[in-house]
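*Asks:* As given, the protein sequences belong to chains A and B, one line each in that order.
Residue 114 in the numbering used here sits at position 114 of the first sequence, with consecutive numbering throughout.
Residue 47 in the numbering used here sits at position 47 of the second sequence, with consecutive numbering throughout.
Calculated directly from the structure, the hints in this document are not laboratory data.
A couple of the hints might just be wrong.
As the list claims (entries may be wrong) - DSBU-like mimics (lysine-lysine), calculated; alpha carbons at most 35 Å apart, straight line:
1) A:Lys11 x B:Lys68
2) B:Lys37 x A:Lys11
3) B:Lys67 x B:Lys107
4) B:Lys41 x B:Lys68
5) B:Lys67 x B:Lys3
6) B:Lys56 x B:Lys3
7) A:Lys15 x B:Lys68
8) A:Lys17 x B:Lys107
9) A:Lys78 x B:Lys67
10) B:Lys56 x B:Lys67
11) B:Lys37 x B:Lys57
12) A:Lys78 x B:Lys3
13) A:Lys15 x B:Lys3
14) B:Lys40 x A:Lys15
15) A:Lys11 x B:Lys56
16) B:Lys95 x A:Lys15
17) B:Lys107 x A:Lys11
18) A:Lys17 x B:Lys68
19) B:Lys57 x A:Lys78
20) B:Lys41 x A:Lys15
21) B:Lys67 x B:Lys95
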Amino acid sequence: GAGVSQTPSNKVTEKGKYVELRCDPISGHTALYWYRQSLGQGPEFLIYFQGTGAADDSGLPNDRFFAVRPEGSVSTLKIQRTERGDSAVYLCASSLGSDSSYEQYFGPGTRLTVT
Amino acid sequence: EDKVVQSPLSLVVHEGDTVTLNCSYEVTNFRSLLWYKQEKKAPTFLFMLTSSGIEKKSGRLSSILDKKELFSILNITATQTGDSAVYLCAVKGNKLVFGAGTILRVKS
Chain A
1 GAGVSQTPSN KVTEKGKYVE LRCDPISGHT ALYWYRQSLG QGPEFLIYFQ GTGAADDSGL
61 PNDRFFAVRP EGSVSTLKIQ RTERGDSAVY LCASSLGSDS SYEQYFGPGT RLTVT
Chain B
1 EDKVVQSPLS LVVHEGDTVT LNCSYEVTNF RSLLWYKQEK KAPTFLFMLT SSGIEKKSGR
61 LSSILDKKEL FSILNITATQ TGDSAVYLCA VKGNKLVFGA GTILRVKS
């Protein structure tokens with residue numbers, strides 16, 4: 001079956017622009033997570049959704065970052081007024097539920113480069 | 001603040017060697033510890049550990065958790081070049097917190 005997919009796979013944008021990154025979770029997975037991974041580091045939690053609502057957005061670094069999941073499936077991570085420090089791989093993961101017994105399946109990520 | 005520390009940062013071995021990767025953690029409300037293998041972008045799941053002292057095994061890979069000393073090890077025996085990757089340890093407390101990873105390179 002299809003895994004988690006993310007588009008685009010690569011995005012290059014200029015400082016100050018707005019970008020949207022999309023995540024398609026595995027069908028039937030109610031929990032969806034966004035992470036950011038900088039070079040040489042492990043993934044860093046940003047936000048997680050249970051259904052349509054953001055259950056925990058404590059990892060979002062500032063108010064330039066926002067994410068939605070309006071129908072409880074596809075999610076979009078939105079970054080306004082991008083900065084060079086936003087350059088990273090943005091990973092999305094989904095799981096059957098948010099309970100700790102459920103494994104998170106990761107997508108291939110979107111590599112964002114802000115010039 | 002929840003913290004996961006992995007060691008060594010990187011490791012180069014020859015095919016056939018056995019390696020041990022370490023993960024120590026401090027986390028509030030521990031629920032589970034997970035190991036992932038990351039080759040290109042997407043981390044792929046290896047193990048989930050919730051109980052101390054019970055070894056989980058999958059082929060040449062095995063892992064064990066010590067909840068008293070707050071660490072876990074991942075063992076890979078008879079390493080192959082295909083084992084070359086970044087190995088990530090993550091701990092689930094209130095959220096999933098990752099370590100920085102161990103870069104393993106297996107030379108033929």
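*Asks:* Which of the listed hints are not met by the structure?
*Replies:* The structure conflicts with hints 1, 7, 8, 9, 15, 18, 19, although it agrees with all the remaining ones.
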